[in-house]
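Please model the entire structure based on the sequences and the hints provided.
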Amino acid sequence: MIMKRRMVKHVGLLALVLPLTACLDDDNDNKDVVAALEQQNALLEEQIKNEKEQNEQQAPVIVNSVTLYTSVVDAADYADAGPVIVHFKEGPMWREAIEFDTGEILITDIKPMSDYEMVISSPTDAFMRRAVFGKTQDSSTENSYQQLDAVMVSPPVQKSIKIINVNSDKAIDDLQLKAYSNIGEGGLSAETYAHPAIYDAATESYNFILPQDLDVIVYGSLDPDGDGEANYEIEYGAYDSYRHEFHFYASSMQPDAEIGVRSLQDDEPVTYTELQVRLSVLDENGNAVNAAEVAISDELNGELAAQFDAEQQQYVLDSKLNSSLSVNISAFESDGVFYGSSSVYIYPRDNGSFDITTSGNRYEYRYTSYATDGAIDLIIGPNQSSPTSALEVTAVADVSGANYQASIYYSSPIALLEGSTSLVQQDVWQVTYGNSDDNDLILPGTTAYRIVDVEVPHSAELMLNNTRLVLSSDLSLAEGYEYSYQVNEIEDSVATVRKNLYDDHVDFYSPVTSEFSIDDIVLDNRNYWSNGSELVPVNTAGIAANAYERRDSAYLHFPESIASLKNFTLSKVIIVEDGVAENSFSSYQIVSGGNIWISSALALPIAANENLVRDGNNYMATIRGTTLPEGRWYYVGVSSYINDDKESSENSITFDYSFETMDGEIKTGTITLSVM
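If you count by mature numbering (1 follows the signal peptide of the UniProt record, and there is no 0), then the sequence shown holds residues -24 to -1, 1 to 652, one letter each, in order.
Think of the hints as simulated: they come from the structure by calculation, not from any bench. There are no misleading hints in this set.
Result set (EDC-like, lysine to aspartate or glutamate): computed pairs, CA atoms no more than 20 Å apart in a straight line: (1) K622 <-> E553; (2) K111 <-> D85; (3) K65 <-> D85; (4) K296 <-> E275; (5) K622 <-> E525; (6) K475 <-> E465.
Here it is in structure tokens:
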């Protein structure tokens, strides 16, 4: 139903007192009726008089509220876009739709600090609907005004884009693409107003209906089967490897526009060309040498080492070539002369030729070559490396595999010394309680915590004539931590000197894979009590804490497993304080796009009178006075000053929740949390 703004006239109660006595006075047979009516009128007049006096004496009840106002304009010329229809949702409750004759919108009587959802549409379909999400301001007056930025709208237009698999040069039809035009952070509610693409098999294109003059962002998932692993990787453009998403602006969808992606599926056949690479490695005099190690290392070829053809004086690799090929030549020594490491890169072209580029080569670094009978002949002349030359890192490969393997490539051979490499787990908390050990330096009554880096057992191996350092973890790594492979002092085998290059380290993150449960959330007011009992009645010195049981600020506490979520939103709807329930509307964006939006802290189960000290310079926020076990927890305040929940007096908050896993599974529901 659409409700139009209109004036309503109110009829006074006195007008209902009908002067019927004048009509009945001439009829003597109706004397009893007349008398009754006169008495009724007298009583009614007296009642109205009394109510009027009572209303005048009674002070009006003032309820603070907020009025939202904004303008809806055409995105092309900023002209008024009216008439408009507005659907407005305050907290979980939708109001009746309102139609405005112009683009000037006025929404009244909204509670302060309330989440709202406003959907603007056209009664004539002149523009596409647009959603606005936000929160009203706080208000200490009967009615305050809150102005929003102008809302730009635009008529619909169709746009298209092709997604091509560069492995096979065929169109990909199983991706999910969506554009978003909403204003404000709507969480999962924004999905209601998304603009999804529809695949057209005839044109092999993804078609959108989008606002014509709004340059919205289009997001595409490279994980169409939702298993948490990317099926494709984008060839060029903006890419979020954590969420397996790429994105681009709608304005880039010009006629014949294409986006190239590369298949990562092991079970999908990859098109490739068999190519025999015959490489001549030449010394300073142009003579072929066989002292180097030549290899290809990629997913298509694996670890492919070259065989040396003594007759032709060439290194031979029977390779598989898709879009490119990288041949690595180790550093080596020949006749007392040292040569640095080098590489050859091969790129096939549509005309049958190959673009060749090189690094560490004293000859032409880029040229064009051709294959004969499936074989290509190439040469490279590695640069000389004198004992005084600087050892350097030539490449660092990303961490991969279950044991977090990383590779670092050097310009010349190296030797590892004792303690040359390490694997460090960063920012690990350690807690020492005052009664933990009689031999430590922490006195009873005091708890100390520190944040330190901890070494993890690992393995280090040299390959490719000692120019490739391969590092891997010997243990399963704890989830949710940053790690770093660090290379300290090593020996330059050519110059026989020790060096520390400082840039040969690999940093990486061990993702959280533990499954999140909505039941793991804890609502606690941090008052050192729970359900009528003091949580820790004595400190580590045995002295009674005597914490005062009181109401306090309540916080939502979340386990580390929320890092496994893609999106997570909570909406407060009902709060019960000492048995009295009322509506209270607020939303909390916990996780958005795989990023956690709230703070974390170290929970410590210690008494109120325990002295807490930090050992060291590294700082981490702490939480105390709760039912939480020791560990890292995420938290957010819920703007409620409240007592503990007890059997005799309920104190709880009810939330609507919606969360999405990295696999794309969405769960929604309602949960009531007691205050601990």
